[in-house]
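A.B. asks: Could you put the whole structure together from the sequences, leaning on the hints where they help?
These protein sequence lines are chains A and B, in that order.
Oh and the first sequence: position 193 is 193 in this note's numbering, straight run, nothing missing.
Oh and the second sequence: position 104 is 104 in this note's numbering, straight run, nothing missing.
Read the hints as simulated data drawn from the structure, not as lab findings.
Heads up, the beta-carbon is just placed ideally off N, CA and C, and yes, glycines get one too.
Just so you know, not all the hints are guaranteed correct.
[Said to hold, decoys possible] Cβ-Cβ distance ranges computed for the label pairs, FRET-style: (1) A:GLU17 - B:SER464: 30 to 36 Å; (2) B:LYS13 - A:THR14: 18 to 24 Å; (3) A:LEU33 - B:GLU147: 18 to 24 Å.
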Amino acid sequence: MKMEDMPLSGPDNTKLEALVHEIYSDLVEDACLGLCFEVHRAVKQGYFFLDETDQESMKEFEIVDQPGVDIFGQVYNQWKNKECECPNCKRFIAASRFAPHLEKCLGMGRNSSRIANRRLASNNNMSKSESDQEDNDDLNDNDWSYGAEKKAKKRKSDKNTNSPRRSKSLKHKNGDLGSSVNTESYKYNYNTGINYETLGPDELRSLLTTQCGVISEHTKKMCTRPSLPDGDAVVESDSYDIPDGQALMSRLQWEDSPDISPTDSASSKASTNHSDSRRPKKKKRASLGLNSSGGGGGSGCPIGGGSSSSSQSNISLSTKKKRPKLPAPSIPNIYDDLN
Amino acid sequence: MSPAGCSHVNGYKVDNWKQNLRVIYQCFVWSGTAETRRRKAKSCICHMCGAHLNRLHSCLYCVFFGCFTKKHIHEHAKNKRHNLAIDLLYGGIYCFVCQDYIYDKDMEQIAKEEQRKAWKLLSVISVPSHLCFFMSTGIGEKYTTWEPTKRELELLRHNPKRRKITTNCTIGLRGLINLGNTCFMNCIVQALTHTPLLRDFFLSDRHKCEMQSNSCLVCEMSQLFQEFYSGHRSPHIPFRLLHLVWTHARHLAGYEQQDAHEFLIAALDVLHRHCKGDTTHDNGKKANNPNHCNCIIDQIFTGGLQSDVTCQVCHGVSTTIDPFWDISLDLPGSSTPFWPLSPGGDGSTVNGESHLSGSTTLTDCLRRFTRPEHLGSSAKIKCGGCHSYQESTKQLTMKKLPIVACFHLKRFEHSAKLRRKITTYVSFPLELDMTPFMASSKESRMNGQYQQTVDVLNNDNKYSLFAVVNHQGTLESGHYTSFIRQHKDQWFKCDDAIITKASIKDVLDSEGYLLFYHKQFLEYE
Numbered sequence: 001m002k003m004e005d006m007p008l009s010g011p012d013n014t015k016l017e018a019l020v021h022e023i024y025s026d027l028v029e030d031a032c033l034g035l036c037f038e039v040h041r042a043v044k045q046g047y048f049f050l051d052e053t054d055q056e057s058m059k060e061f062e063i064v065d066q067p068g069v070d071i072f073g074q075v076y077n078q079w080k081n082k083e084c085e086c087p088n089c090k091r092f093i094a095a096s097r098f099a100p101h102l103e104k105c106l107g108m109g110r111n112s113s114r115i116a117n118r119r120l121a122s123n124n125n126m127s128k129s130e131s132d133q134e135d136n137d138d139l140n141d142n143d144w145s146y147g148a149e150k151k152a153k154k155r156k157s158d159k160n161t162n163s164p165r166r167s168k169s170l171k172h173k174n175g176d177l178g179s180s181v182n183t184e185s186y187k188y189n190y191n192t193g194i195n196y197e198t199l200g201p202d203e204l205r206s207l208l209t210t211q212c213g214v215i216s217e218h219t220k221k222m223c224t225r226p227s228l229p230d231g232d233a234v235v236e237s238d239s240y241d242i243p244d245g246q247a248l249m250s251r252l253q254w255e256d257s258p259d260i261s262p263t264d265s266a267s268s269k270a271s272t273n274h275s276d277s278r279r280p281k282k283k284k285r286a287s288l289g290l291n292s293s294g295g296g297g298g299s300g301c302p303i304g305g306g307s308s309s310s311s312q313s314n315i316s317l318s319t320k321k322k323r324p325k326l327p328a329p330s331i332p333n334i335y336d337d338l339n
Numbered sequence: 001m002s003p004a005g006c007s008h009v010n011g012y013k014v015d016n017w018k019q020n021l022r023v024i025y026q027c028f029v030w031s032g033t034a035e036t037r038r039r040k041a042k043s044c045i046c047h048m049c050g051a052h053l054n055r056l057h058s059c060l061y062c063v064f065f066g067c068f069t070k071k072h073i074h075e076h077a078k079n080k081r082h083n084l085a086i087d088l089l090y091g092g093i094y095c096f097v098c099q100d101y102i103y104d105k106d107m108e109q110i111a112k113e114e115q116r117k118a119w120k121l122l123s124v125i126s127v128p129s130h131l132c133f134f135m136s137t138g139i140g141e142k143y144t145t146w147e148p149t150k151r152e153l154e155l156l157r158h159n160p161k162r163r164k165i166t167t168n169c170t171i172g173l174r175g176l177i178n179l180g181n182t183c184f185m186n187c188i189v190q191a192l193t194h195t196p197l198l199r200d201f202f203l204s205d206r207h208k209c210e211m212q213s214n215s216c217l218v219c220e221m222s223q224l225f226q227e228f229y230s231g232h233r234s235p236h237i238p239f240r241l242l243h244l245v246w247t248h249a250r251h252l253a254g255y256e257q258q259d260a261h262e263f264l265i266a267a268l269d270v271l272h273r274h275c276k277g278d279t280t281h282d283n284g285k286k287a288n289n290p291n292h293c294n295c296i297i298d299q300i301f302t303g304g305l306q307s308d309v310t311c312q313v314c315h316g317v318s319t320t321i322d323p324f325w326d327i328s329l330d331l332p333g334s335s336t337p338f339w340p341l342s343p344g345g346d347g348s349t350v351n352g353e354s355h356l357s358g359s360t361t362l363t364d365c366l367r368r369f370t371r372p373e374h375l376g377s378s379a380k381i382k383c384g385g386c387h388s389y390q391e392s393t394k395q396l397t398m399k400k401l402p403i404v405a406c407f408h409l410k411r412f413e414h415s416a417k418l419r420r421k422i423t424t425y426v427s428f429p430l431e432l433d434m435t436p437f438m439a440s441s442k443e444s445r446m447n448g449q450y451q452q453t454v455d456v457l458n459n460d461n462k463y464s465l466f467a468v469v470n471h472q473g474t475l476e477s478g479h480y481t482s483f484i485r486q487h488k489d490q491w492f493k494c495d496d497a498i499i500t501k502a503s504i505k506d507v508l509d510s511e512g513y514l515l516f517y518h519k520q521f522l523e524y525e
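C.D. replies: Structural data, given as structure tokens:
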């Protein structure tokens, strides 16, 4: 029966239904035909079987669902030694410590701007020796915590905060006060192109026992000022087999800046709205280097970040991280861990 | 001559064959206008049996239509020795000598051109602008799949090893190294790289960079997708991404553990700003108006929140619509009271969530979010109708839903008196229907239709969960992990560098901090 002959309306709805059904099946058939043509063409043109993959590749990328391994079949926590190149200073930084490094490197941490401002102000107004002392205080304030943070880990491999001035201050603490030291300090020679990461422990020890070794933040050159004998050499060497830890610690205690209070280091208790861009707390730097082990509060933000991977690598800094200077206040803790 | 063609067409390719073929395509195969369609419908019937369908073919040598199924065209071919016919439905050329459809390069070229012309004429079809990215010239263009050239075919045949993304494949998944408390960033990156539309945009290489320097975040995002689909097993180190985000969103910079939600908004903002180069595809007009940007970020993430302030005296309503990228929902247990809900709120279990003896659901939170709120005598609004300060009620509803809806459960309380994390369990569904919270639903409610019958056929507001970001720990210190969905029904847990398979139950039982839902059906605008 032709379509045109069927009456559409009427008490008998079956005709309408039949019509509807016929249209529907025609549409479906046409769609199927279209698909058949596509496949036919693909086969004839030779690209139908192109996306078939070989068994080997299939197995290679199969998802693994076993306890103890991830979906690639790899054991957890094997990624401790990853490194990356800082886009700013072009140095190679351990990946798990990249964020704190970057903050300093870009000068955008809360304290970095404060240091920078003070440095600028003091450079303009005051004499160099005074400014050095102030900056020392700043650096000491910001970079280390006192008291509260028991699990201080090695902060990071950032050399930017090391400056010639810091070594001078240590000289002061050692009792070698005198203007002679200060004036001498201006006659530095600078070596270029030293990358502490690439030097071995022996090389480094010999280097640092003879020279200052501090890398300037601004010029990126290494200071070749001959180092003073005795305690200084010990302080500046990077090996941690320092015989008289107690004496060293008492020397280093002197570096405590008077205006730091223990409460400041408990920065997590300070409350600010986490979405504020300004974070007015002074000592939140205290949380640096405490990325793992759950410690280290931020400014009360809903925070997260601690993977525990960095805890182990922080301890083993004697060979890896070549510093011309020891991060002073955290040393007591590190010694505890090492002992 | 390609193997797909045949030598028998050579007899046809004489004189004015190209033009003849074009006419056939224009009149009887691809109909671009209503008249041609009518003409085709009227004239295309089998000359032997009068049928309209049955795979009608037209002879290429003379004016004859015959159906294929009843073999009428075959008879004609045999009788007249006209060896070629064209299928009027799809335009394929059939050779009776080869007894198969053949694909001749020249003829296919003509067919393609005519088809394109016809599609261009079909201006009634509008294409959603975000899909414009996938079409080379814009509206009215049929999307054609990729076909390899001869050279490519050769190469592919010589190199049979393939990486195919099947349902059991790890390609598309990759761990991310924690750079020092950057798990908040890693979770957001996982969520973004598993947003289907965003993934399609970047994998189709649709970003055209206009930034001179190397600091375009969108380019970095594109690179990130390349890394995720590279098949590498070792986790990726997103140090460049961190550097770029901190450079462009200075307020975020700082090594301390940060909020994932804050990072999401900042990242979307920077991406949106850097997407300028991609907004020229909208009919060639550049989107100069920042409020009406057409970049991929706005296409996917931007919704409209309608705020109605009703004067209690004259009942005049003042409406504003604000764009949003996420919806922040208060939770019970915070210092602001959660219950009671709005009057007239439907007590039915929407979205199939079960009320397990009082556990809060996402729908509860949404209902609270969209409830009419009496503003109180201390917050009188100047009413345009009464010209005086009056008390009013304010109500928020969704005017326009984004394609990806991100719900932010406000678990971190920072009021003056206390700072804490609210760990109340909020159950969220796998599928979410946002219809009750739309502005349009509210209007019909106000018009007296209290009970909203759920329209099963209306698919506009149906969403599916595809990513969940969770926070474990306290306000001071904690860790972010995420669950993401791949291949329709597979879920994976992303804990920085460790990706493991997860069950749907794991996902739905988790606490939930950021919930990402994707629209199920993309409609034409």
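A.B. asks: Decide, hint by hint, whether the structure agrees.
C.D. replies: Okay, the hints, checked on the actual structure:
About 35 Å separates the C-beta atoms of GLU17 of chain A and SER464 of chain B, a value consistent with the hinted range of 30 to 36 Å. Distance hint check for LYS13 of chain B and THR14 of chain A: the Cβ-Cβ separation is about 52 Å, which falls outside the suggested range of 18 to 24 Å. A hinted range of 18 to 24 Å for the beta carbons of LEU33 of chain A and GLU147 of chain B is consistent with their spacing of about 20 Å.
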